[in-house]
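If you read the protein sequences in the order shown, they are chains E and R. Per this note's numbering, the very first residue in the first sequence carries number 101; after that it's consecutive. Per this note's numbering, the very first residue in the second sequence carries number 287; after that it's consecutive.
Worth flagging that the hints you see were computed from the coordinates, not collected in a lab. Given the structure is predicted, the values throughout are model-derived calculations rather than measurements. Treat each hint with caution, since some may be false.
[Stated by the list, open to error] Mimicking DSS-like on lysine-lysine, the simulated pairs with C-alpha atoms at most 27 Å apart in a straight line are:
#1 R:Lys439 - R:Lys387
#2 E:Lys227 - R:Lys338
#3 E:Lys154 - R:Lys439
#4 R:Lys292 - E:Lys222
#5 E:Lys222 - R:Lys338
#6 R:Lys292 - R:Lys439
#7 R:Lys338 - E:Lys121
#8 E:Lys194 - R:Lys338
#9 E:Lys231 - R:Lys292
#10 R:Lys387 - E:Lys154
#11 R:Lys435 - E:Lys227
#12 E:Lys222 - R:Lys439
[Unchecked claim] Non-contacting residues of chain R with respect to chain E, defined by C-beta distances greater than 10 Å in every case (computed):
#13 Thr301
#14 Ile328
#15 Arg340
#16 Phe342
#17 Asp357
#18 Arg360
#19 Leu368
#20 Gly373
#21 Arg382
#22 Val385
#23 Lys387
#24 Ser407
#25 Asp418
#26 Pro428
#27 Ser430
#28 Leu443
Heads up, the beta-carbon is just placed ideally off N, CA and C, and yes, glycines get one too.
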Amino acid sequence: MSLIDLVVENIIKIPLESTDKPDVLRELVQVLKDAGEITDFDTALAAVQDREDKQSTGLTDGIAVPHAKTPAVTSLKLALGISPEGIDFDSMDKQPSKLFFLLLAAPGMSGPHVEALAEIAKLARSKAFCKALVNAENAKEVVELLTGD
Amino acid sequence: MSKPVKKIMVYIDGTEQSITAAQYAICMASFSDAELIAHYVINIKAMDDLLKARIFLQDEELEYEHDMEADAERYLNYANELAIAKGVTITKKTSRGSVSKELVDSIKEENVDMLVIGELSHIRSRMDEFYDETERAMRSAPCSVLIVKDPMKVWELYESLV
């Protein structure tokens, strides 16, 4: 399974409403719950928060990749959120994060999880593309950008 | 004329698609009396990339590596059980590195005639970043490649095998 298979409009939220790190994690997990991708909201959120407590997944250039293994999912789940204003996510370069890729994987699916994260890492290297994503006006536009349609 | 397919390799990555591919490969091995190798690649290359990108912590990389080792054993054992149930012998193989390179090297080393893989993504993004490791292996494999589709039909075929 490729990351692109997970990209559908109902797992994308633009703009994110949160203004701080705890809230944006909650909001992204809620996106998955609203999309019917998870039922156990609390377990999923706790897994993501536990990982963030070890070290922020806020990278450079406005990108954050919160991720976790959790029994709250049975397959790989992606939520994508965009905050054009940016949110303080304790990122490496201390700049606000604007583009959030939340990835949840079931224990026992480490292979597909690692490959999906690696695809996000490759995307994150393209500053022009990430800028285009941040400037997207709606979920449909994001899907079109990612799929190249 | 000698048998066109003497040795089959099926790539197992823990996805449902790869298990379907294993079922089909078992059927093929049984029908053609071919040797069958099930190969799982622990994607060290991707984990190194994630560490460099600082998406992974050092501890996290080790944890995922251990997870992948456990996954490799579990999924290869499952493929083995599927094969034993149909009287087919599977050789289990685990390697570490980048998926496509490990598969290509293994195909050459083992003189594999056919690589069997699970269904690929329906979406073909024009973005280079969205490449699928299995798709890359398909393109670079030095032997014929069979992409297995229709899990229900494959399951029926597998079940019908005595």
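How the hints compare with the structure:
Taking the CA atoms of Lys439 of chain R and Lys387 of chain R, the gap is near 31 Å; set against the 27 Å cutoff, the hint is violated. Of the pairs offered as hints, the one joining Lys227 of chain E and Lys338 of chain R holds, with about 17 Å between alpha carbons and a cut-off of 27 Å not exceeded. For the hint pairing Lys154 of chain E with Lys439 of chain R, the CA-to-CA distance comes to about 46 Å; that exceeds 27 Å, so the pair is violated. Distance hint between Lys292 of chain R and Lys222 of chain E is unfulfilled; the C-alpha atoms sit about 38 Å from each other, more than 27 Å.
A hinted pair counts as satisfied when its Cα atoms are at most 27 Å apart, and Lys222 of chain E with Lys338 of chain R qualifies at roughly 11 Å. Between Lys292 of chain R and Lys439 of chain R, the direct Cα distance comes to roughly 24 Å. Compliance with the 27 Å bound is thereby established for this hinted pair. This hinted pair checks out: Lys338 of chain R and Lys121 of chain E have alpha carbons roughly 24 Å apart, not beyond 27 Å. Annotation: proposed proximity of Lys194 of chain E to Lys338 of chain R holds, straight-line Cα distance about 18 Å (limit 27 Å).
Proposed proximity of Lys231 of chain E and Lys292 of chain R is contradicted: the alpha carbons are some 51 Å apart, above 27 Å. Between Lys387 of chain R and Lys154 of chain E, the direct Cα distance comes to roughly 33 Å. Violation of the 27 Å bound is thereby established for this hinted pair. At roughly 36 Å between alpha-carbon atoms, Lys435 of chain R and Lys227 of chain E are farther apart than 27 Å, so this suggested pair is violated. Distance hint between Lys222 of chain E and Lys439 of chain R is unfulfilled; the C-alpha atoms sit about 36 Å from each other, more than 27 Å.
Remark: the non-interface label on Thr301 of chain R conflicts with the geometry, its nearest Cβ contact in chain E lying 6 Å away (cut-off 10 Å). Annotated as non-interface, Ile328 of chain R brings its C-beta within 10 Å of a C-beta of chain E; the closest such distance is 8 Å. Its closest Cβ contact with chain E, about 6 Å, brings Arg340 of chain R to no more than 10 Å, contrary to its assignment away from the interface. Distance check for Phe342 of chain R against chain E: the nearest CB is about 8 Å away, which does not clear 10 Å, and the non-interface claim fails.
Not every C-beta of chain E lies more than 10 Å from that of Asp357 of chain R, the closest at about 5 Å, which undercuts listing it as non-interface. Not every CB of chain E is more than 10 Å from the CB of Arg360 of chain R (nearest about 7 Å), against its label as outside the interface. For Leu368 of chain R, the requirement that its beta carbon stay farther than 10 Å from each beta carbon of chain E is met, with the minimum near 17 Å. Against the 10 Å criterion, Gly373 of chain R stays outside the reach of chain E, whose nearest CB is about 28 Å from its own CB.
The claim that Arg382 of chain R is not at the interface with chain E holds, since no C-beta of that chain comes within 10 Å of its own (minimum 12 Å). Non-interface status of Val385 of chain R relative to chain E is broken: a Cβ of that chain comes within 10 Å, the nearest being about 8 Å off. A cut-off of 10 Å between C-beta atoms confirms that Lys387 of chain R is not in contact with chain E; the least separation is 14 Å. Not every Cβ of chain E is farther than 10 Å from the Cβ of Ser407 of chain R; the closest lies at roughly 4 Å, contradicting the non-interface assignment.
A beta-carbon of chain E comes within 10 Å of the beta-carbon of Asp418 of chain R; the shortest separation is about 4 Å. At the 10 Å boundary, the C-beta of Pro428 of chain R stays outside the reach of chain E, the nearest C-beta of that chain being 23 Å off. Every CB of chain E is more than 10 Å from the CB of Ser430 of chain R (nearest about 23 Å), matching its label as outside the interface. Consistency note on Leu443 of chain R: stated as away from chain E, and its beta-carbon is indeed over 10 Å from all of that chain's, at 23 Å minimum.
The structure fails hints 1, 3, 4, 9, 10, 11, 12, 13, 14, 15, 16, 17, 18, 22, 24 and 25 (numbered hints given earlier, in ascending order).
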